[in-house]
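Visitor: Those protein sequence lines, which keep their order, are chains A and B.
Each residue of the first sequence is one higher than the one before, counting from 618 in the numbering used here.
Each residue of the second sequence is one higher than the one before, counting from 175 in the numbering used here.
Just so you know, the hints here were simulated from the structure itself, not pulled from any lab data.
None of these values were measured; they are calculated from a predicted model.
By construction, the Cβ of each residue, glycine as well, lies at the ideal position given by its N, Cα and C atoms.
There could be a bad hint or two in this list.
So these bits of chain B aren't anywhere near chain A, every CB distance computed over 10 Å [said to hold, decoys possible]: (1) V213; (2) L345; (3) G347; (4) A369; (5) L398; (6) A405.
Just the calculated beta-carbon pair ranges, DEER-fashion [unchecked claim]: (7) A/L636 with B/I381: 28 to 38 Å; (8) B/I354 with A/N648: 50 to 60 Å; (9) A/V768 with B/V396: 39 to 49 Å; (10) A/T713 with B/A411: 27 to 37 Å; (11) A/W672 with B/G288: 46 to 56 Å; (12) A/L787 with B/D222: 49 to 59 Å; (13) B/L321 with A/A629: 25 to 35 Å; (14) B/S224 with A/L636: 41 to 51 Å.
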Amino acid sequence: MRRAAWMLASLAFLASVVLAWKLVADARLVNPMFLPGPGPAFATLKGWIVSGELWEPLGKTVWRMFAGWFAASLLGVLLGAAIASSARARAFFAPTAEFLRPLPASAVLPPAALLLGLSDTMIVSVIAFGAIWPILLGAIHGFKAIDPRLVEVARMLRFSPLERVLKFQLPNALPEIFAGMRVSLALSLILTVVAEMLSSQPGLGHMVLVAARSFRSADIFAGIFVLGVLGFLTNSLMQHLEAYLLRWRPAHSGG
Amino acid sequence: MRRVFSGLAFPISVVALWELLGQAGIASEDSFSRPSLVVLALARTLADGSLLTQTGETFLSAIAGLVIAAALAIAIGTVLGLFRALERIATLTIEALRPVPSVALIPVALLVFGFGPGMSVSVVAFACFWPMLIVTISAVRGIDPRLIEVGRMLGFPLAVRIRKFALPAALPGIMVGFRIAAGIAIVVAVTVEIAANPRGLGYGMIIAQQSLNTDIMWATLVWLGLVGWLANWGLLAIEHRWLRWFWSARNE
């Protein structure tokens, strides 16, 4: 009952923010060329859905985002396991990784465009490169932080190194890998949008930039709304998946 | 010493291989400039000042956006952190706005500000605002409630309670948020330049790529890596020093 009241108050707050947007737009406090009201923005969105115009760019954006993210996840976990399992590999690769990590991922777009052209392959590679760091660092840390007693147990059970990684280290590293994957998912969406803007490949990023160039502000806000929903949905999907897959962990049993 | 050597072995061998492939004509000069040419281009663009001008443009956008975001986030975050009910009600709205990818605002910024610093600054400010807001709320909420209680008992007005009690106690947490946001600021500033805004290091790379000055493009990328790494390192050092000062001052 109390929760319902809080939820209602939260919804009322959100509604008042939208209302404030409407009032500002209706009173023309801001040039309507920049700021459409919520009405025109949602009318545009409805038009896209009815005419089916939305699905192709949305599908392309989602596909690129997930393709890059999967590649980053796979490579990140494999590389992370390899680097964490040997001190020599760590000494060899860690400084380079530390140097590359703060590099803005979007900065590899120009070289990637030169090497791979303005193609889907280029976009997916850039996403994979940019989104790998949180996963890689999480995996290295997670694989490394194994209880020494478990290593002892593995030795007593005469596990092969591969068995030890799969049965002990991977489950142990999963929470950190998932945390990295969630950050990477948000990064992937950002990189997809930027890459689409730069490469003029059909997709939501290209769609909103074209709308800006032709001064269709309602289209921009409808596009931003779709991108926001996409970000929100993918993030909460990942959160639920994480909670479900890690339900065996005592720390997560409380919810 | 051995650790330094093994850390350098990998990048050095990559660069050497790159140089050799370039010399042998296997790696195309159009896309992979040889490292020796990249170093020359770096020296040239540094000497004629173009690289430094671009660096200044990028960093000014990043810093201005960061400062605006920090001011707004600290103000709003402090209020939300102090009044739990308000925070609970606003959470839904924050969680609805936060997942909007910052770069999606580039078109709006383009419409409102046109090409120029305002476009970069506004997108950077949006991107930095959310992490700073979240960190500020939790830092203010984590303050010892007795501290606030003391302020109330002494009859200080709210503004004084915030300035003298809440903010100083929450500062270490806010600083952590500031460093996270500073990293985001540089990345977003470069991203806006690459996507649309014709200024700064990001645009420098794009224009070098499009005019087939491949050596300048790689030189700008290397420079960006160096500067970004230095900025990150500097912020860590400042935070470390500053926090040490904070803790020692508190323990006196």
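Visitor: Indicate, hint by hint, whether the structure satisfies it.
Guide: So, going through the hints one by one against the coordinates:
no.: 1; hint: V213; result: holds, 17 Å
no.: 2; hint: L345; result: holds, 24 Å
no.: 3; hint: G347; result: holds, 20 Å
no.: 4; hint: A369; result: violated, 4 Å
no.: 5; hint: L398; result: violated, 5 Å
no.: 6; hint: A405; result: violated, 8 Å
no.: 7; hint: A/L636 with B/I381: 28 to 38 Å; result: violated, 44 Å
no.: 8; hint: B/I354 with A/N648: 50 to 60 Å; result: violated, 34 Å
no.: 9; hint: A/V768 with B/V396: 39 to 49 Å; result: holds, 40 Å
no.: 10; hint: A/T713 with B/A411: 27 to 37 Å; result: violated, 22 Å
no.: 11; hint: A/W672 with B/G288: 46 to 56 Å; result: violated, 32 Å
no.: 12; hint: A/L787 with B/D222: 49 to 59 Å; result: holds, 52 Å
no.: 13; hint: B/L321 with A/A629: 25 to 35 Å; result: holds, 32 Å
no.: 14; hint: B/S224 with A/L636: 41 to 51 Å; result: holds, 49 Å
Checked against the numbered hints above, the structure violates hints 4, 5, 6, 7, 8, 10 and 11; every other hint is satisfied.
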